[in-house]
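Q: For the protein sequence lines, the chains are A and B, in the order given.
For the first sequence, the working numbering assigns the number 1 to the initial residue and increments by one for each residue that follows.
For the second sequence, the working numbering assigns the number 1 to the initial residue and increments by one for each residue that follows.
Please note: incorrect hints may appear among the correct ones.
What the hints assert, rightly or not - Derived lysine to any residue pairs resembling SDA-like cross-links, with alpha carbons at most 25 Å apart:
(1) K37/B with G170/A
(2) K37/B with Q249/A
(3) K37/B with V267/A
(4) K37/B with D62/B
(5) K37/B with N158/A
(6) K37/B with L48/B
(7) K37/B with E154/A
(8) K37/B with G168/A
(9) K59/B with V267/A
(10) K59/B with V29/B
(11) K37/B with G162/A
(12) K37/B with P169/A
(13) K37/B with L160/A
(14) K37/B with P232/B
(15) K59/B with G266/A
(16) K37/B with W159/A
(17) K59/B with Q249/A
(18) K37/B with L161/A
(19) K37/B with G266/A
(20) K37/B with L163/A
(21) K37/B with G155/A
(22) K37/B with S167/A
(23) K37/B with A14/B
(24) K37/B with S152/A
(25) K37/B with E153/A
(26) K59/B with P42/B
(27) K37/B with S253/A
As the list claims (entries may be wrong) - Only some residues are given here: those of chain A computed to face chain B with a beta carbon under 10 Å:
(28) Y87
(29) G96
(30) M134
(31) Y140
(32) T279
The set of hints was computed from the structure by calculation and includes no laboratory data.
Every residue gets a Cβ at the ideal spot worked out from N, C-alpha and C, and that includes glycine.
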Amino acid sequence: MSAATSAGPGGTLTGLRRGVASALHRRPRLQLGLLLTPPLAWLGVIYLGSLAVLFLSAFWRLDPDTTQIVQEPSLVNFETLANTEVYRVIALRTIGIAAAVTITDAALAFPLAYYMARVASPRVRNLLFIAVLMPLWSSYLVRVYSWRIILSEEGPLNWLLGLVGLSGPGFGEISIWLVFSYIWLPYMILPVYAGLERIPASLLEASGDLGAHGLTTLRRVVVPLAFPAIVAGSIFTFSLTLGDYITPQLVSSTQFIGNVVYSNVGVAGNLPFAAAFATVPVMVMAVYLIGARRLGAFEAL
Amino acid sequence: MGAHAGRIVLRLAAGGVLVFLYIPLAIIVLYAFNDAKSQSWPIEAFSLRWFGVALGNAKVRDAFLLSFQAALGATTIALLLGSAAAFAVHRFRFFGRDTISFLVVLPLALPGIVTGMALNSAINFGIERGGPSFGLITIIVGHATFCIVVVYNNVIARLRRIPRSMEEASMDLGADSWQTFRYVTLPAIATALVAGGLLAFALSWDEIIVTTFTAGTDETLPVWIFSNFRLPNFRPVVNVVALFLILLSAIPVYAAARLTGGSGQVGTR
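Could you build all of it, start to finish, from the sequences and the hints given here?
A: Given below as structure tokens:
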């Protein structure tokens with residue numbers, strides 16, 4: 001695109017482009033319209049529209065005799081959810097493991113984030129930052145698959161634990177908890193790191209000058225100040241666990257909300273019920289976000 | 001506990017977490033070169049033979065190609081729509097401006113299965129009215145939807161850092177608005193565009209949840225892994241494909257992180 005200075009046929013093209021450019025320059029509203037219409041049409045109309053239809057369809061039902069979807073509003077899917085033992089167990093298991101994963105990640109993230117923010121040299125800090133960033137952005141499926149190898153009967157973990165006469169957790173709820181904690185850990189480390197970095201060094205010095213022990217400073221000054229950042233990280237660890245169905249399938253035969261939703265979209269073809277069950281994690285997250293906002297997590301994002 | 005001992009404990013804990021983050025990736029690299037068909041540890045012999053088997057598998061090659069096309073297509077659309085939205089929000093004041101950043105992040109913030117189902121219904125709705133059927137185009141549509149935010153975040157962060165005076169100076173010196181864009185604004189946001197594009201590519205390249213709802217019977221590389229990982233005969237090939245998957249997502253992310261000096265847009269995956 002170096003035609004700006006070229007002559008000949010390119011010259012008229014340049015002239016045309018200048019004409020268009022200055023015409024747009026004189027009409028900022030037209031410019032705004034051209035910029036905004038494509039992304040708004042894509043996200044605002046297609047995406048939001050299909051989300052709206054999805055939530056609407058949670059109130060439809062599948063006629064078991066004709067296997068046709070009946071588009072009359074009713075609460076029958078939600079009644080099935082509330083009255084069926086299995087679905088209650090699955091919902092509670094999903095939420096419970098999501099909570100356990102969040103707590104585990106907060107505990108694991110803190111030392112590395114603290115080291116990055118307050119101990120490491122700028123060069124090391126940059127390297128660590130990238131080291132945490134890479135698994136956050138890449139290879140979700142492969143990193144879960146790797147745990148399938150690690151946890152398998154003859155895999156590395158059992159071999160290692162076998163040296164001291166123990167054996168690994170196998171494939172079950174513990175393996176799900178472990179793998180989710182691993183997969184979402186970077187999402188906790190980065191906000192906590194940012195939160196710890198913002199604490200002024202003078203506050204820690206003041207605490208020490210006033211006679212506080214290192215651990216007392218940690219407990220009474222650092223953790224309370226970093227708490228909103230931990231809550232910010234927990235939004236990701238909690239929400240991502242709630243909506244996942246790949247990890248439970250790879251490292252266990254246990255069902256999560258996502259697995260039930262997935263099998264109802266595919267095999268069972270009961271889209272209204274799938275949509276109804278999918279609203280459960282969305283509602284849980286809505287409540288969670290309201291709570292997180294009260295705790296100041298959004299300022300820490 | 002003294003301050004010195006405390007620091008040692010901190011170093012050990014931080015190092016331990018870092019090792020924990022990278023052991024599974026190392027395991028994948030090792031197993032890709034495992035000569036044996038079984039997955040048992042320790043690995044007894046290393047070889048490259050499964051690379052040949054993987055490359056000779058037509059389904060793997062097709063999946064590789066499909067993933068690559070999908071990632072390129074989604075990245076292109078995300079670059080266009082993401083930067084258009086970023087320019088609109090940065091340059092103009094308009095009704096609903098504050099909701100744009102919420103709208104772009106929504107497809108990533110909601111559970112993948114919700115985004116996937118919504119798009120699945122939309123595609124079915126479209127097919128009944130002559131729209132594209134499940135395949136490359138619908139995969140690109142799905143991936144682009146959650147990739148837009150990545151480009152948007154990178155570009156708007158950069159636009160906020162460019163002093164407005166640079167563009168004003170360009171116009172004062174007689175450049176028209178096209179020349180100002182081409183020779184002042186575009187160079188200033190170039191690395192943000194590249195970084196956003198690389199991250200979008202990486203995100204699309206190994207995505208699986210939205211893909212399973214938008215691909216129909218076509219298989220991207222992650223979908224191929226997902227449908228074959230249980231088959232004992234395919235395990236060594238799955239291990240090789242897993243290595244490909246890591247490499248083609250880790251390398252763009254690393255490049256993007258270097259381009260933005262490690263200050264790239266995080267958190268909003």
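Q: All hints are to be evaluated individually against the structure, with a verdict given for each.
A: Now for the hints, and whether the structure bears them out:
Between K37/B and G170/A the alpha-carbon distance is near 21 Å, which keeps this suggested pair within the 25 Å criterion. Of the pairs offered as hints, the one joining K37/B and Q249/A holds, with about 22 Å between alpha carbons and a cut-off of 25 Å not exceeded. A threshold of 25 Å between alpha carbons decides the hint, and for K37/B with V267/A the separation of about 32 Å lies outside it, so the pair is violated. Among the hinted pairs, K37/B with D62/B is consistent with the structure: their alpha-carbon atoms are about 23 Å apart, no more than 25 Å.
Of the supplied pair hints, the one linking K37/B and N158/A holds, its CA atoms being roughly 19 Å apart against a limit of 25 Å. Restraint check for K37/B and L48/B: the C-alpha separation of about 13 Å stays at or below 25 Å, so the hint holds. Of the supplied pair hints, the one linking K37/B and E154/A holds, its CA atoms being roughly 13 Å apart against a limit of 25 Å. Our distance criterion of 25 Å between C-alpha atoms is met by K37/B and G168/A, whose separation comes to about 22 Å.
Distance hint between K59/B and V267/A is fulfilled; the C-alpha atoms sit about 24 Å from each other, no more than 25 Å. Pair hint K59/B plus V29/B holds up; C-alpha atoms about 22 Å apart against a cutoff of 25 Å. In summary, the hint linking K37/B to G162/A is supported, as the alpha carbons are separated by about 22 Å, within the 25 Å threshold. Pair hint K37/B plus P169/A holds up; C-alpha atoms about 24 Å apart against a cutoff of 25 Å.
Our distance criterion of 25 Å between C-alpha atoms is met by K37/B and L160/A, whose separation comes to about 21 Å. For the proposed pair K37/B and P232/B, the alpha carbon gap of about 8 Å is at most 25 Å, so the pair holds. Restraint check: the Cα-Cα separation between K59/B and G266/A comes to about 23 Å, which is no more than 25 Å; the hinted pair holds. For the hint linking K37/B to W159/A, the alpha-carbon distance of about 18 Å falls within 25 Å, and the restraint holds.
Using a Cα cut-off of 25 Å, the hinted pair K59/B and Q249/A holds, with the two alpha carbons roughly 23 Å apart. The hinted pair formed by K37/B and L161/A meets the criterion: a straight-line CA distance of about 23 Å does not exceed 25 Å. A threshold of 25 Å between alpha carbons decides the hint, and for K37/B with G266/A the separation of about 32 Å lies outside it, so the pair is violated. A threshold of 25 Å between alpha carbons decides the hint, and for K37/B with L163/A the separation of about 24 Å falls inside it, so the pair holds.
Pair hint K37/B plus G155/A holds up; C-alpha atoms about 13 Å apart against a cutoff of 25 Å. Of the supplied pair hints, the one linking K37/B and S167/A holds, its CA atoms being roughly 23 Å apart against a limit of 25 Å. This hinted pair does not check out: K37/B and A14/B have alpha carbons roughly 36 Å apart, beyond 25 Å. At most 25 Å may separate the alpha-carbon atoms for a hinted pair to count; K37/B and S152/A meet this at roughly 14 Å.
A C-alpha spacing of about 15 Å is found between K37/B and E153/A, which places the hinted pair at or below 25 Å, so the restraint holds. Proximity of K59/B to P42/B is assessed by CA-CA distance (about 30 Å); at most 25 Å being required, the pair is judged violated. Between K37/B and S253/A the alpha-carbon distance is near 24 Å, which keeps this suggested pair within the 25 Å criterion. This hint is violated: Y87/A has a C-beta 16 Å from the nearest C-beta of chain B, more than the 10 Å allowed.
Proximity of G96/A to chain B is violated relative to the hint, the smallest CB-CB distance being about 17 Å (cut-off 10 Å). The interface hint given for M134/A is met, as the beta carbon of that residue sits about 5 Å from the closest beta carbon of chain B, less than 10 Å. Look at Y140/A: its Cβ gets to within about 6 Å of chain B, closer than 10 Å, so that hint holds up. Here the hint on T279/A is kept, as its CB sits about 9 Å from the closest CB of chain B, short of 10 Å.
Of the numbered hints listed earlier, those contradicted by the structure are 3, 19, 23, 26, 28 and 29.
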